[in-house]
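Given the coordinates of chain C, work out where chain G should sit on it, guided by the hints.
As you go down the protein sequences, you meet chains C and G in turn. Taking UniProt numbering, I'd label the letters of the first sequence as residues 1 to 418. Taking UniProt numbering, I'd label the letters of the second sequence as residues 1 to 418.
Be aware that one or more of the hints could be misleading.
Copies of the same chain look alike in the list, so a pair counts if it fits in one copy or across any two.
Unchecked claim - Below 30 Å or equal to it, Euclidean Cα-Cα: the simulated DSBU-like pairs (lysine-lysine) are: (1) LYS112 to LYS187; (2) LYS255 to LYS49; (3) LYS405 to LYS58; (4) LYS40 to LYS138; (5) LYS332 to LYS414; (6) LYS255 to LYS210; (7) LYS49 to LYS405; (8) LYS266 to LYS20; (9) LYS332 to LYS413; (10) LYS414 to LYS58; (11) LYS405 to LYS255; (12) LYS405 to LYS11.
Keep in mind that the hints were calculated from the coordinates and are not lab data.
Number of protein chains: 2
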Amino acid sequence: MAIHDALAADKDSILAANAKDLELAQRSALNGELSPSILKRLDLSRPGKFDDMLQGLKDVRELEDPVGRVDLRTELDDGLILQRQTCPIGVLLIIFEARPEVIANIASLAIKSANAAILKGGKESTESFKAISTIISKALAGTEVPNDSIQLVTTRDAVDPLLELSQYIDLVIPRGSNELVRHCQRKAHMPVLGHADGLCTIYIHSDADKDMCVNVVVDSKTDYPAACNAVETLLVHEDSLSTILPAVAEALLAKDVELRCDGPSKAALSHHLSPDLATKLQSAQDADYDTEHLDLILSIKTLSANSAVNTAIEHINTHGSHHTDCVLTASKETADRFSNGIDSACKFWNCSTRFCDGMRFGFGTEVGISTNKVHARGPVGLEGLMIHEYRLSGQGQGAAMYGGKGGRQYSHKKLPLA
Amino acid sequence: MAIHDALAADKDSILAANAKDLELAQRSALNGELSPSILKRLDLSRPGKFDDMLQGLKDVRELEDPVGRVDLRTELDDGLILQRQTCPIGVLLIIFEARPEVIANIASLAIKSANAAILKGGKESTESFKAISTIISKALAGTEVPNDSIQLVTTRDAVDPLLELSQYIDLVIPRGSNELVRHCQRKAHMPVLGHADGLCTIYIHSDADKDMCVNVVVDSKTDYPAACNAVETLLVHEDSLSTILPAVAEALLAKDVELRCDGPSKAALSHHLSPDLATKLQSAQDADYDTEHLDLILSIKTLSANSAVNTAIEHINTHGSHHTDCVLTASKETADRFSNGIDSACKFWNCSTRFCDGMRFGFGTEVGISTNKVHARGPVGLEGLMIHEYRLSGQGQGAAMYGGKGGRQYSHKKLPLA
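Okay, chain C solo, but in the shape it has when bound:
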């Protein structure tokens, strides 16, 4: 709340600093050096944006304390009690790009989770970042949180040297473009939490409900096409080419989605769609199935009937990004076969890929979405900033007392967690 109040009190000076960033950015945008979407993300004066930042701090305050949660208690022997409990990871390096309001959110998450954090902002938001970070530092000085526990790095070119300091930094969390994530994954000497790509796929099985397919595919593609959880590839069982795909394609074309079709799907759609819609169909190139379009573009591929589920699984495991993939089918058996076969963090059945999100999953806040195979996978909440420690308390016991002939035996009795 100290941070919240300080930011609220200094709104004017923050917006003044932000205006300087915006001015520079507008010039870069005019020169074509900066995309208009980055410009939009940078602007803290947009209606509601500053208040959302303040509300975010209150939301983090309301989250359950993640530190010291006991998830295992075992009596190893009389008076020898083992306990496993959550604790912070240590020092986080959080790197983000244009959105200056993320600094406040991330600082509050680090404090809530009792981690120390080094925050590195993007160069487009330098002035906003400096203003917000100075206010946060001043606010922390009046609290029990050590001021050094949140360090803000504004120096350019500091990222690469930081990524080598594995003796001091335990986890890197990049919040920004795929390029930023990939750069961190390549350079970091410590674990990186996140995902570089979001190439999500939906497979339409032969028994899927047509209306459901229309709803789910249209939402997955058009709700927010630039998001990592938007669908990029549609796999279609060949029996669905004439029964389901035309309605799906019509709805997508009505929303200005470009359809890049393989031969069979283009032929079927050309036959079933009105001529003016059919002329809009594009032909897919091989590269389309490996591309995260992040735009109103969908690649479509047909799967032959005799091995469609297996081919869908193989396609997703080979061309996907292990993020979120979905099957549309009336059969639980088919859904289970699909979900057991794909190697994805999130496996959806009959619902939009867009639901892959920490807020929507009910985690309260989102640190990121991870496609890592260890630590945390899928949408990551505050839990992903925690690890566990073991505490064992005894009455002078030694290990030599146990086992062998006449030695004591471990009881390994499960104890209640409270």
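Chain G only, in chain C's frame:
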């Protein structure tokens, strides 16, 4: 059980192969190229060793199935159900040195956890490794486990190239010397589970019980001095120098432990011990406090009374290896302060550091002890070979239906796990 039965049936050929390894190793040992302890670890014909290997397979079979355990179920909305469940990590690379029997244990753990595994044995156990691995492969061919899911690499120099294949291998588990672990940590492009050092410390507070100190320190040092969880450094509150330390030192010297003391502890012990014992005391060098002796050697350091607990915490966080550290005190408050301050996987109070072990913790089997800050920390059981996935099943819902004016609200209702 197929592996168990095949190994039992082919015991003779395995021991014959092992005898070849032993012969070569004995020659290297005579030349001083190989330590006698490696020779001992290599010998599968030692009484009970083969049966232990077979029993280990039965033990793994008895473990609870770790796959598909549901640990979160949430209703996001009517008919939109989220479930988090455990699943295998993917492909493990397990590298081990002299102990040939570990192959069978690790293969069974990989199968139980539904991970694929690439196993790489040490060069000293090449023949044993080949014999056991051929039998395992043949045994798997008669089961539903894909033969390729357990791959055994005998080629020399294969380790470094494998450590670069992060697109295929998800986790490396080195089982062997500190050098092996350090090598993997340095070279691997994927996460490494384990610990390079085990520099464990015990701190004796002023109010500790003398007999308890004697028991715990002697056990921690002498039960198995070559283990990673043996104590290497003893920190002593200056008030305990004359009240507790002499009894501890006497018991250690009686067990042939070399004591490397700082000035104050050496002075106090010289005063309190009999002259013949006092002559055995050594002086510590600075480097001793950074050394994992792995032998009957203990470094002793005195902490001044006015800041002993804080100094102990600082010493452990600076010189320790974040593995297992212990406080001896009658006060729960002091124990908590100590445990909250140290950054160790295992924090012990009034018991031997030797209890840090997967079997002793009741995990049934041990994959290793991790000092990592993410994924798994402390003794790691089968759980450490698992990650989770999210499954969401719906009835055609899209994300655009939610939020905003008139939109649906998420219910985020916690559901029972069963």
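inquiry  = At most 30 Å between CA atoms: does that hold for LYS405 and LYS58 within a copy, between copies, both, or neither?
reply    = between (60 Å within a copy, 22 Å between copies)
- request: Give the relationship of LYS255 and LYS49 under a CA distance limit of 30 Å: within one copy only, between copies only, both, or neither.
  value: within (28 Å within a copy, 69 Å between copies)
Cα distance capped at 30 Å. Does LYS332 pair with LYS414 within a copy, between copies, both, or neither?
Answer is between; shortest inter-copy Cα gap is 23 Å, intra-copy 36 Å.
Review point. Are the CA atoms of LYS255 and LYS210 at most 30 Å apart within a copy, between copies, both, or neither?
Key: Intra 18 Å, inter 79 Å, cutoff 30 Å: intra-copy only.
* Asked: How would you label the pair LYS405, LYS11 (within, between, both, or neither) given a Cα cut-off of 30 Å?
  -> So LYS405 and LYS11 pass the 30 Å test across copies only (28 Å; inside, 73 Å).
Intra- versus inter-subunit Cα pairing at 30 Å for LYS405 with LYS255
Between copies only: 22 Å across, 77 Å inside.
Alpha-carbon proximity between LYS49 and LYS405, which holds within one copy, between copies, both or neither at 30 Å:
between (70 Å within a copy, 18 Å between copies)
Treating 30 Å as the Cα threshold, decide for LYS112 and LYS187: within, between, both or neither. within (28 Å within a copy, 34 Å between copies)
Reference check for the pair LYS332 and LYS413, CA-CA at most 30 Å: within, between, both, or neither? So LYS332 and LYS413 pass the 30 Å test across copies only (23 Å; inside, 39 Å).
Which holds for LYS266 with LYS20 at a C-alpha limit of 30 Å: within a copy, between copies, both or neither? Intra 50 Å, inter 65 Å, cutoff 30 Å: neither.
At most 30 Å between CA atoms: does that hold for LYS414 and LYS58 within a copy, between copies, both, or neither? between (38 Å within a copy, 23 Å between copies)
Which holds for LYS40 with LYS138 at a C-alpha limit of 30 Å: within a copy, between copies, both or neither?
-> within (28 Å within a copy, 62 Å between copies)
Of the hints listed earlier, the one the structure fails to meet is number 8.
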